[in-house]
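Trainee: Using the hints provided, position chain B with the ligands relative to the given structure of chain A.
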Amino acid sequence: MEAQAQVQARFDAAVAAEQRVEPRDWMPEAYRATLVRQIAQHAHSEIIGMQPEGNWLTRAPSLRRKAILLAKAQDEAGHGLYLYAAAETLGVDRAELTEKLVDGRQKYSSIFNYPTLTFADVGVIGWLVDGAAICNQVPLCRCSYGPYARAMVRICKEESFHQRQGYELLMTMTAGTDAQRAMVQDAVDRWWWPSLMMFGPPDGASPNSERSMAWRIKRHSNDELRQRFVDMTVPQAEHLGVLLPDPELAWNAERGSWDFGEPDWSELQQVIKGHGPCNAQRIERRRAAHEGGAWVREAASAYAAKRAAEEASGERSSG
Amino acid sequence: MSGERASWPLYEVFVRPRRGLNHVHVGSLHAADDKMALLAARDLYTRRNEGVSLWVVRSDAITASSPDEQDPFFAPSGDKVYRHPTFYPIPEDVPHI
Ligand SMILES: [Fe+2]
Ligand SMILES: [Fe+2]
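Keeping their order, the protein sequence lines are chains A and B. Mapping to this note's numbering: the first sequence position 79 is 79, numbers consecutive. For any residue, its number in this note's numbering is found by taking its place in the second sequence, counting from 1, and adding 319.
Simulated from the structure, these hints should not be mistaken for lab results. All clues stand as given, with none of them false.
Some chain B residues close to chain A (C-beta under 10 Å, calculated; not the full set): (1) Ala359; (2) Asp362; (3) Leu363; (4) Tyr364.
What follows is a list of derived Cβ distance ranges for each label pair: (5) A/Gln236 x B/Ser385: 45 to 55 Å; (6) A/Ser257 x B/Pro408: 52 to 62 Å; (7) B/Thr382 x A/Arg59: 48 to 58 Å; (8) A/Gln19 x B/Ile381: 17 to 27 Å; (9) A/Ala13 x B/Phe393: 18 to 28 Å; (10) A/Ala5 x B/Ser385: 15 to 25 Å.
We treat Cβ as the ideally placed atom computed from N, Cα and C, and that holds for glycine.
Extracted from the complex, chain A is given alone in its bound form (with noise of 0.2 Å):
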C-alpha cells in the first residue's frame, strides 16, 4: 500500500514537472485506459478518414489532383498506423482494435460520416477538416505520454500539405466559373458546423476533460481550441469570397476574437449513436477491406513459415 502511494506521488510529480511518461513506466490504470481509449479512437479516425475523400480518387478532374489526393489518403494510412503502433505500446493489440472498431465498441471521429458530394468537398475537407484536425492536434505533440507525442510530431509536419492543397484546390475553383463557386459555397454550408463539432461538446458537458489536462494529455478546453479555429478560418473564408453559413459569426472587439452561434449538439450526440448519415456506410466498407485482406495476411504468414522452415533445414544439412 505504502509503495503504491509512492510511486503514483512519484508519477504525479513527474507529470506536474512536464516530464514524459514512457511505456514501461509505472502509470495509473485509468490512465492507461484513459490513453488507450482516445489513441485507439484517433488512430481508426484516420484510418476511416480515407474514405470519404476516397470517394474521388477515381474521379479527380486532373493527373495532379488525383496524385495529391492519392498522396494525402496515403498519409491519413500512415498517421493510422503511427497511432495504432503508439497505441500498442500500452499493451494493447492492433489486431484487437480494429475488431473493436468493426464491432462498434470504439468510436471515430464523427466528421467521417457525412457524405462528400461533390468535389469541391474535397478541398473542404483539406480546409476545414484538417484545419480543425491541426487545431487539436498541435497541442497534443506535448502530450504527457512520449509514443502518442512522437507521433503526433511526426503527424502534424504532415497535415500542413493537407491543409494547403485543399485550399489551393478552392482557390482554384472559386477563381472558376459560377458553377464552380456555387459548389464552394455548397460544400462551405454542409461542413461548417460539422467541422466546428469535431473539437467535441461545450466543455460544461465534456465530463473527462479535467483529469486529461491534470494528466497533461490534454492542453486545451474543447471551447478554447473551438473559438481558436473560428479565429484562424474567418479570415481564410474572406480570402476565398465563401460566406460561413453562421448569421451570428460577429468581430467581438472588446474580446478580440470572433463571436459565433451554437452548434446543434443534439445532432452531434445523434452522429456518435451511430445515426450519422454515412455511419453504417464507412463501417461496413472498412469490415469489407478488413475481411477482403484476410487471404493477404494468411499468405505472407505461410510464405514466411516457408522460408523459415526451408532456412532451418539448410542449416541442418550444411552444418
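Mentor: This is chain B with the ligands only, laid out in the frame that chain A set:
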C-alpha cells in the same frame, strides 16, 4: 477475421536521416518477415525523403535496461564528475583550452 489474431511479429524501425548521422529509432510496425518489414518501413516512415538508410529489428530481439529513472544500472556514471571537462578549473587567461 480470427486468423489475424495470430499476429505478425513487431519490428522496431531505425532511420539514418542523412549520411554522417546515426540511425535513430522512429517507431514500430508489424510484418510477416524481415523483408516485408523493410518495405513497410520505407512506405511508412520515409514518404518524404526522411532517410538514406533503414534498419528493422524484431522487437523481441532487443535487450533493454530497466525503465526506472532511478535505475542503479546507470549508477556507475553518476558519481564520476571528473569525466566532464568542467571538473577542472583552468585560469581565464590560459587560451584555447
Ligand atoms: Fe491525418
Ligand atoms: Fe490529414
